[in-house]
Each structure stands twice: as C-alpha cells, then as structure tokens.
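Dock chain B against the given chain A, drawing on the hints supplied.
Going down the list, the protein sequences come from chains A and B.
Just so we're aligned, residue 8 is where the first sequence starts under this note's numbering, counting upward by one.
Just so we're aligned, residue 8 is where the second sequence starts under this note's numbering, counting upward by one.
Everything labelled a hint here was simulated from the structure, so no lab data went into it.
Keep in mind that a hint or two might mislead.
Copies of the same chain are indistinguishable here, so a pair counts whether it falls within one copy or spans any two.
[What the hints assert, rightly or not] No more than 25 Å apart at the CA atoms, straight line, and that leaves these computed lysine-lysine pairs for DSS-like:
no.	residue 1	residue 2
1	110	81
2	267	72
3	81	103
4	267	74
Protein chains: 2
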Amino acid sequence: MPQLSIVQLVELTARALKRAGASRAMAQAAAQALVVAEAEGLSGHGLSRVALYCRHLREGRALGKAKPKVVRRKGATALVDAGGGLAFLACAMAVKEAIARAKRYGVSFVGITNSHHMGALAYHLAPVAQAGVVGLAFSTSPSAINAWGGKHAFYGTNPIAAVFPRSGAEPVVVDLSLTEVTRGKIMVYAKEDKPIPVGWAVDNDGSPTTDAKAALTGSLNAIGGVKGAALALMVEVLCVALTGAAFSFENDSYFEPGNKPRIGHAILAIDPAALAGSDAYFSRLEIMINTMLRDEGVRLPGARRQKLTAAAHTNGLQIADAQIAELLALAGKKSV
Amino acid sequence: MPQLSIVQLVELTARALKRAGASRAMAQAAAQALVVAEAEGLSGHGLSRVALYCRHLREGRALGKAKPKVVRRKGATALVDAGGGLAFLACAMAVKEAIARAKRYGVSFVGITNSHHMGALAYHLAPVAQAGVVGLAFSTSPSAINAWGGKHAFYGTNPIAAVFPRSGAEPVVVDLSLTEVTRGKIMVYAKEDKPIPVGWAVDNDGSPTTDAKAALTGSLNAIGGVKGAALALMVEVLCVALTGAAFSFENDSYFEPGNKPRIGHAILAIDPAALAGSDAYFSRLEIMINTMLRDEGVRLPGARRQKLTAAAHTNGLQIADAQIAELLALAGKKSV
Numbered sequence: 008m009p010q011l012s013i014v015q016l017v018e019l020t021a022r023a024l025k026r027a028g029a030s031r032a033m034a035q036a037a038a039q040a041l042v043v044a045e046a047e048g049l050s051g052h053g054l055s056r057v058a059l060y061c062r063h064l065r066e067g068r069a070l071g072k073a074k075p076k077v078v079r080r081k082g083a084t085a086l087v088d089a090g091g092g093l094a095f096l097a098c099a100m101a102v103k104e105a106i107a108r109a110k111r112y113g114v115s116f117v118g119i120t121n122s123h124h125m126g127a128l129a130y131h132l133a134p135v136a137q138a139g140v141v142g143l144a145f146s147t148s149p150s151a152i153n154a155w156g157g158k159h160a161f162y163g164t165n166p167i168a169a170v171f172p173r174s175g176a177e178p179v180v181v182d183l184s185l186t187e188v189t190r191g192k193i194m195v196y197a198k199e200d201k202p203i204p205v206g207w208a209v210d211n212d213g214s215p216t217t218d219a220k221a222a223l224t225g226s227l228n229a230i231g232g233v234k235g236a237a238l239a240l241m242v243e244v245l246c247v248a249l250t251g252a253a254f255s256f257e258n259d260s261y262f263e264p265g266n267k268p269r270i271g272h273a274i275l276a277i278d279p280a281a282l283a284g285s286d287a288y289f290s291r292l293e294i295m296i297n298t299m300l301r302d303e304g305v306r307l308p309g310a311r312r313q314k315l316t317a318a319a320h321t322n323g324l325q326i327a328d329a330q331i332a333e334l335l336a337l338a339g340k341k342s343v
Numbered sequence: 008m009p010q011l012s013i014v015q016l017v018e019l020t021a022r023a024l025k026r027a028g029a030s031r032a033m034a035q036a037a038a039q040a041l042v043v044a045e046a047e048g049l050s051g052h053g054l055s056r057v058a059l060y061c062r063h064l065r066e067g068r069a070l071g072k073a074k075p076k077v078v079r080r081k082g083a084t085a086l087v088d089a090g091g092g093l094a095f096l097a098c099a100m101a102v103k104e105a106i107a108r109a110k111r112y113g114v115s116f117v118g119i120t121n122s123h124h125m126g127a128l129a130y131h132l133a134p135v136a137q138a139g140v141v142g143l144a145f146s147t148s149p150s151a152i153n154a155w156g157g158k159h160a161f162y163g164t165n166p167i168a169a170v171f172p173r174s175g176a177e178p179v180v181v182d183l184s185l186t187e188v189t190r191g192k193i194m195v196y197a198k199e200d201k202p203i204p205v206g207w208a209v210d211n212d213g214s215p216t217t218d219a220k221a222a223l224t225g226s227l228n229a230i231g232g233v234k235g236a237a238l239a240l241m242v243e244v245l246c247v248a249l250t251g252a253a254f255s256f257e258n259d260s261y262f263e264p265g266n267k268p269r270i271g272h273a274i275l276a277i278d279p280a281a282l283a284g285s286d287a288y289f290s291r292l293e294i295m296i297n298t299m300l301r302d303e304g305v306r307l308p309g310a311r312r313q314k315l316t317a318a319a320h321t322n323g324l325q326i327a328d329a330q331i332a333e334l335l336a337l338a339g340k341k342s343v
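Just chain A, same shape as in the assembly (with noise of 0.2 Å):
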C-alpha cells in the first residue's frame, strides 16, 4: 500500500472532480472535505466517495459550474442555495454566515437548500470551534428509516454533529447518523451469511429481523427505535421545512440512476459569550470534561479523529492499491 501526503492525495482527488466537470473552486473544497475524513479514520466519507461524486457531476446529478449563494438573510438567521452543486462550498458559505450572526446576536440559524451529499457532518463545524462558537449541524440523506409503525424507508440517516470549543485545547465533537448501525455493517454480515441483532434493521414488511439479506432489502432502525425516528422527524423539518429542499423520501438512492437529490442542512451557531459568558463556558465546560475521564475507560468524543489526523499530517496516509489505481484513472493520471 502506497502512503501519500494529505498534499497529495488532496490534489489528485481535486484533479478528478474537475475532470468530472466540476469547477475549480467545488473540486478544491470537496477534495479537502474527502481526504480529511479519510484522513480521520472516517473511511465511509472520505476517498471511496470520489467515483461517486464524479458519476454524479458527468450525470448532472450534482452540478459542477454550480455557485452558492445567500438567498435570503434576516436577522440572525440566512439561507443559502447550493445551486445544485457539490455540497462543500454551499456549506462554507453558511458556516460563514453562521459565524458572524451568532457573533452579533449570540445565536444564528443557516439553513442550505438544494444541496448534495455533505460527506463527514462535523468537518463544516471546524470554522466555528476555531471562531471559539459552539456549533451545531444537521443534514438529511437518501431515505433510510422507517417512520415508526411504517413498512416504507421514509427518514434519511439524518446525522447530527456538534461542536464544542475549548480553551487551550482541541475542541469536543460529536458525529453521529440516528440510524443504529450503518448500512454497510450489515452487508459485511450479509457475506459472512451471520444473523445480525435484534434492534438493527426491519424488513420490506417493517417487522424486526435477524435475517442480514432481508434487512438489506428493508430500512435500518433509528437509535432507540420510536426515540431515534422523532429525532430523525426534527432533522427533517430544520433541513428540508424550514430551507424549502426536498425531503429524504423524496431522494433517490444516491447509488443507483436518479434524481438531483436537493438535500437541505442546517447549522446552528452560538456564542458562549452571549449567555453565562466565556468564562463561565470555557470553566464549566473543563470540569465536565476532567470528571468525566476521571472514569477509567472514557474517552472524549471527537478525540479519536484528531489523533489520527495529526498522525496523517505527520506520516500521510496509506491507501490501498486498488483506490489509488481509481483515483489516478478518474484523475486521468498515469501516477501519482
């Protein structure tokens, strides 16, 4: 397996997408957005999803001359329009947006329509966590999840990320799907024809099962079940009521020939300055942080991410032979 720098393996995949037909702004900012999520272990978002993002935009499922843009600002508040293109710069924009509000009213709600596939969630919050903002961040996808009692996917997996800044140290993130486990879990358990657990998946009847093929042609099950769907419900009305984008029902499968998705996100900003004060924020924030890990076996959410991306600007990362051979045939390159 080859090791690449982070350079590297940013400027290929940003070579792909602008073969792909994106410009050079969107490829640049997805490539980032990609290989950062690669480089945090966070493989299902990051460098597999570069064939992907380039049969969407030769499709036109995702468009690459694509401009965002604030459509509509009031107050605290703004809504951007991704103009159908790749996700990451729509969402930079409304990350700005977000900053600055919550900066002047102590809180800000952006809101992205017409958008696409917005990879590792957490990543667009990084700007904030350094603007020393505790940010806020949920998107819909593709349908998923039963609405409870339902036999049909409605929800997307609807994650939800957070974070919170530190003083003096690397902010808390929290990165979460709403969906028990991934998709791709089961398929693992699909080949290996192993039962899955209860409380993971139902059928194409809605009905709980431990049968990996038939969870395969079902939904997943939300965290909690009934809980994880009305959490699931709430990321639907923030992304997709409120900004007019579609809803995960109304999305097709980004894997298989379909529509221009139109996905909604939404970020919340607020300044701990606004409220208690920073100091009270940052005081208060770092006893909860010391008493938890003083519980042998805790360790602080978003920690894992940072060690290996910090590894991965040191030494690179190490890529398996046949994703190295995609990226260099999507990036019409004969090496790296």
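Showing chain B alone in chain A's frame:
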C-alpha cells in the same frame, strides 16, 4: 376511582404546593403543568410528582418564594435565572423571551439556570407552536447514563423536545429522553424477577447486564449506546456550560435527601418566516405528514397526547383513590 375535572385537579394541586411553601404564581404554574402531563397520559411527570415537589419545597431544595428574572439579554439570546424555584415560571418567562426574539431575529436561544425538575419538556413549548414558531427544548436531570466506556452515571436522562406548528392542525410534538428505557420500567422487571433485554442498562461495574436488580444499582443505557451518550453530552453543554447551571453529575437524586439541583434548560426558537418562508414551511410540512401517514401503521408524534388531553378536558380524569388521598392530605383538605 373518582373522576375529577382538570380545573378541580389544578386547584387541588396548587393548594398542596402553596401549603408546602410555593408562592401563588409558582403553585399555579406548576399545578397546571403537572395536571396537563397527567391528562396527556404522562403520569411519570404528572400527579405522582406533587408529593416530591412538596417535599423539596419544605426542605428548601426548591425555593417557594423565588422569582425568576431575565439576568442577561444579548441580541437573539437571553438568560433566565430561576432563582432556585420550581421550574415552571422560569420556563414560561424564557419561552416568552424566545418567541419575541425569534420573531425579531429569525432565531433565538434562551438558557435557564438555577432551576429544578421541568416536568414533561414539550409542555413548555406549547406557546411557541401557538405563535407559529418552531421550538426545541433541552434539559438535564440528575445523572442516569454513563459516559461511554465509564462505570458511573454521569449524564442526565437529558430530554429533547420539539414542536412544529402546522397550518390548521395541532402541532407535531416530539418529546423523548435519551435513555433506552426508564428506570421505572426496569423496576417492574425487578419486581417480577424477569431478566431485562441486553442494551437497556449496565451494572455498577459498567458491564451490560440482563439482571434487572443489578441494573438498578448500575446505570441506564443511552439510545444507540455511544451515540445517545454523545447527544447527552451535547445537551449538558447547551443547558449547563452555556448557562452556568449545575451538571447532571453535580445533582443529587431527587428521591433522596440532597442538594439544590440548579438544573439548566435551553429553548431554541426558529421563525419559519425567516428562511424559505412560512408558505414553503407549512406546505412542505404537510407534504411530509401526508406521505408519512400513507404508510399504514404510522402515527404522528404527539397525536396520542393530544387525543388524551382533549378527552380529559371533556370527561375529566379518573384518579386512583390513593393518589386522591395523597393530594387531599398535601392540600390539607378532607374532600375535593
């Protein structure tokens, strides 16, 4: 079981709370909330709590003469100090601030510090939906969930609630705690000497257990394990680090002698008029609901509560004899 009207029950409950030391306004606000929860079928947050509130008022863990105050206002945010009283007047004050600020700035975030048990969380958001505004609420509680990987209860049950106003129909209401099940449910299993399913709780060594009795000396599992624990962390920061309240792990159990809880809550309000606009919001939301309900077996979150409440307003509520006797004793009355 006697049948009492909502009005009778509120009067009786308010009298009990006043007798324990609550001001007229505090007693009235708390009684209203407890009886509504009872009417909604949420008996765990209903009349069963009256005796506990009275005890806390008598012991000074909740201050009956406290007057909540807005102690800070900045742009779209505000901070309410509950003054150590019961939560309900402070929450109502915070919600009023949140609605006004959301109407003006598009979004608002209001923290509440120095508070007490807030009952059924979604209750507080009813005026938000009434004003045509989207509302979310968060609260901590005395610790119940281990930090992921830990041995000791650290986070509260940390409920999340949301209301989504509809055009010409009751709002959609989401209201859930982040534990897989309630402690009460495990107590039923322990009483019947039945094993609990894997995933509900851990023993006092932090290990998964199916022994209901071991679970009761341990901690509750969060929905989705590590995921729900991360959401619980998010709720702690929003309700406590930002407001200066006490963390869940700093609260003594309500059911044993202990400290003033100094609980934190947070209200987020978003005006649909601010982003894609009210028309887009209401029409998109109805499309979501109609599509959802086409899948047989699906019911709308909040619908059951609304139906039960409507019935209670018409028919009154059947209350167990022992519960009535307790209320009468607390209120110092011989009969209703």
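Hint-by-hint comparison with the structure:
no. : hint        : verdict
1   : 110 with 81 : both (15 Å within a copy, 10 Å between copies)
2   : 267 with 72 : within (14 Å within a copy, 59 Å between copies)
3   : 81 with 103 : both (15 Å within a copy, 20 Å between copies)
4   : 267 with 74 : within (16 Å within a copy, 54 Å between copies)
In terms of the numbered hints stated before, the structure departs from none.
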